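Residue numbers (my numbering), protein chains in the order written: chain A, 1 to 304; chain B, 1 to 304.
Errors might be hidden in some of the hints.
For identical chains, the list gives no copy identity; a pair is met inside one copy or between any two copies.
For lysine to any residue, the following SDA-like pairs were computed, each having C-alpha atoms within a straight-line distance of at most 25 Å [claimed, not checked]:
id, residue 1, residue 2
1, K255, D32
2, K51, R188
3, K255, G48
4, K255, A13
5, K255, P37
6, K255, A214
7, K255, E294
8, K255, F111
9, K255, N33
10, K268, D112
11, K268, T26
12, K255, A36
Hint data in this document are derived by calculation from the structure and do not stem from the laboratory.
Note that this is a predicted model, so its numbers are computed, not measured.
Protein chains: 2
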Amino acid sequence: MAVSPPMAFTERAEQLRDEINQALATQLRFSDNCPAPLAEAVRYATLGPGKRLRPMLVLLASESCGGSVARALPAAVAIEMVHAYSLIHDDLPAMDDDDLRRGRPTCHRAFDEATAILAGDALLSRAFELIASQLGPADVAVACLSILAQAAGAEGMVGGQMQDLLATATYEESENAHCEQRLESIHRCKTGALFVAALRMGGLVASASAEELAALTAYGENVGLAFQIVDDLLDVGGSEDQMGKRVQKDDSQGKLTFPGAVGVAESKARVAALIQQGCDALGPLGSRADCLRELAAYLGERNS
Amino acid sequence: MAVSPPMAFTERAEQLRDEINQALATQLRFSDNCPAPLAEAVRYATLGPGKRLRPMLVLLASESCGGSVARALPAAVAIEMVHAYSLIHDDLPAMDDDDLRRGRPTCHRAFDEATAILAGDALLSRAFELIASQLGPADVAVACLSILAQAAGAEGMVGGQMQDLLATATYEESENAHCEQRLESIHRCKTGALFVAALRMGGLVASASAEELAALTAYGENVGLAFQIVDDLLDVGGSEDQMGKRVQKDDSQGKLTFPGAVGVAESKARVAALIQQGCDALGPLGSRADCLRELAAYLGERNS
Chain A
1 MAVSPPMAFT ERAEQLRDEI NQALATQLRF SDNCPAPLAE AVRYATLGPG
51 KRLRPMLVLL ASESCGGSVA RALPAAVAIE MVHAYSLIHD DLPAMDDDDL
101 RRGRPTCHRA FDEATAILAG DALLSRAFEL IASQLGPADV AVACLSILAQ
151 AAGAEGMVGG QMQDLLATAT YEESENAHCE QRLESIHRCK TGALFVAALR
201 MGGLVASASA EELAALTAYG ENVGLAFQIV DDLLDVGGSE DQMGKRVQKD
251 DSQGKLTFPG AVGVAESKAR VAALIQQGCD ALGPLGSRAD CLRELAAYLG
301 ERNS
Chain B
1 MAVSPPMAFT ERAEQLRDEI NQALATQLRF SDNCPAPLAE AVRYATLGPG
51 KRLRPMLVLL ASESCGGSVA RALPAAVAIE MVHAYSLIHD DLPAMDDDDL
101 RRGRPTCHRA FDEATAILAG DALLSRAFEL IASQLGPADV AVACLSILAQ
151 AAGAEGMVGG QMQDLLATAT YEESENAHCE QRLESIHRCK TGALFVAALR
201 MGGLVASASA EELAALTAYG ENVGLAFQIV DDLLDVGGSE DQMGKRVQKD
251 DSQGKLTFPG AVGVAESKAR VAALIQQGCD ALGPLGSRAD CLRELAAYLG
301 ERNS
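All chains, please: the whole structure from these sequences, using the hints.
Structure follows, in structure tokens:
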């Protein structure tokens, strides 16, 4: 599968990524109260290479509802911080025990375990601080904080990671149909919740209507699941060079994956169908949501 | 030192503790999206025995500025969640490596490391979610979220824990005068920041004036530091039975402590002076702050 999104979209994405990276770097400056190694670890884990997908969803969702990039930027930066914190903690020896992330040593490898745990903790608090102090008006900030906190927590991303760990431990005893259901539940929590939160925050910042928010939510649910199935497919067929992290580890760890549960061909068919459903859901937003449509197509075809 | 606070205060404290415990239990019910072992670990680590000191500071600060307990309760419960999360992560093998907390196995001992890391993460998000969704009006919620997030993060509690780990590693090379300064900085961040945040949130919920907020802040800074010096003294002189956690470990780990740096007698003198200064700072609040004064006296004399 070759990646060939229209030029206009890739340029726009590059532009947004630059804005996000600049804002991230600005928001990760700390006062002298923060010990230097902690600040370094936080910046190392967050400012390295990355797709900046979740913040881009915030910004594009805001635009698709007539809002500005500038107003949505604090929410975008905050969700990338939450994502970065989750990667640091997921990579820890007690969890997925990974040495490589985005082509570089993971945070606990580059620093140490204690520093990595604290760097993740610091990022999560910073994300909430950022929205509380820089996103206005207050009622929108509170709504965004509530969405982000719920998506990040025990009933969202953290719960998904826990489900994932439990599923790996008990995988062999389960049946296939049950596996599929379980996989969808894991992905919905672990990845989908933050995707949907990104889109809803973008919509809220732009004063989206209930209909627009529902459209963004449906898009996020479908595209979020597609993104995760592609991740599973890349783990089977991608190279470590392309991915910047260990591949084929899911299989070697006996981990539950979509290709493992329903096969590669069926997994690819699901991705295509989910991307289509996600784009269809954007109907109420008209052509203003074209960038979100192109992003979805790109995510369905990505190779890293 | 015998503990003999006036009866009225201990009764009031007991009453508030009951309200806090009930609200905590209510706020730690999760939907089916949260895997059962994660919910159990969160509840185990939070609902066990505890002084509930920080939430009590929120409630008493609110009362001292003419506010109600009911309105301040979400902020009170949230700060106890932040405290509980910090204890779970601080106890981890990569950090302080403790097996005992509040007289019971620590979270990673009762469950496992991965579950403990995630339980801490879940609690931090839940704390912010709670304030965002249940504390009103929106401008007060945003102000409280900003205060709590900053106090919990890299320039507050998390930074203090990092300073503490770094100080332990380099203790022997430092000089005494330098040690003292460093200790104060650690304690100001690690404990003081959350004390001050508790008091300021209580004040904000009660629409406190700038003068009242300044009084609460000064009280928090002084009493927070006194609390931590007492902790160091108890580690030297307390028993494991009284404390419900390992004692004399600071000394055995070569950890920086106040008795170690300035001696036991001088440490006790500091505690008394700080408690006095804290109570003096409450002047502008008049007799409505009597419970805070009594709480300070109690903290100066506690033996567990």
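Hints versus structure:
Taking CA atoms no more than 25 Å apart as the test, K255 paired with D32 passes between copies only; the shortest distance there is 22 Å, against 43 Å inside one copy. Taking the shortest Cα distances, K51 and R188 sit within 25 Å of each other inside one copy (20 Å), while across copies they are farther apart (38 Å). In this assembly of identical chains, K255 and G48 lie within 25 Å of each other by CA distance neither inside one copy nor across copies; the values are 27 Å within and 34 Å between. Neither within a single protomer nor between protomers do K255 and A13 lie at most 25 Å apart by alpha-carbon distance, with minima of 33 Å and 50 Å respectively.
Proximity of K255 and P37 under a CA criterion of 25 Å is satisfied inter-copy only: 19 Å between copies versus 34 Å inside one chain copy. When the C-alpha separation of K255 and A214 is checked against a cutoff of 25 Å, the pair qualifies neither within a copy, at 33 Å, nor between copies, at 54 Å. Taking CA atoms no more than 25 Å apart as the test, K255 paired with E294 passes in neither setting, with 31 Å inside one copy and 56 Å between copies. Within a single copy, K255 and F111 get their C-alpha atoms only as close as 28 Å, which misses the 25 Å cut-off; across copies the closest is 21 Å, which meets it.
When the C-alpha separation of K255 and N33 is checked against a cutoff of 25 Å, the pair qualifies only between copies, where the shortest distance is 20 Å, while the shortest distance within a copy is 42 Å. Proximity of K268 and D112 under a CA criterion of 25 Å is satisfied in neither setting, with 39 Å inside one chain copy and 36 Å between copies. Proximity of K268 and T26 under a CA criterion of 25 Å is satisfied in neither setting, with 39 Å inside one chain copy and 43 Å between copies. Taking the shortest Cα distances, K255 and A36 sit within 25 Å of each other only across copies (20 Å), while inside one copy they are farther apart (37 Å).
Checked against the numbered hints given earlier, the structure breaks hints 3, 4, 6, 7, 10, 11 and satisfies all the rest.
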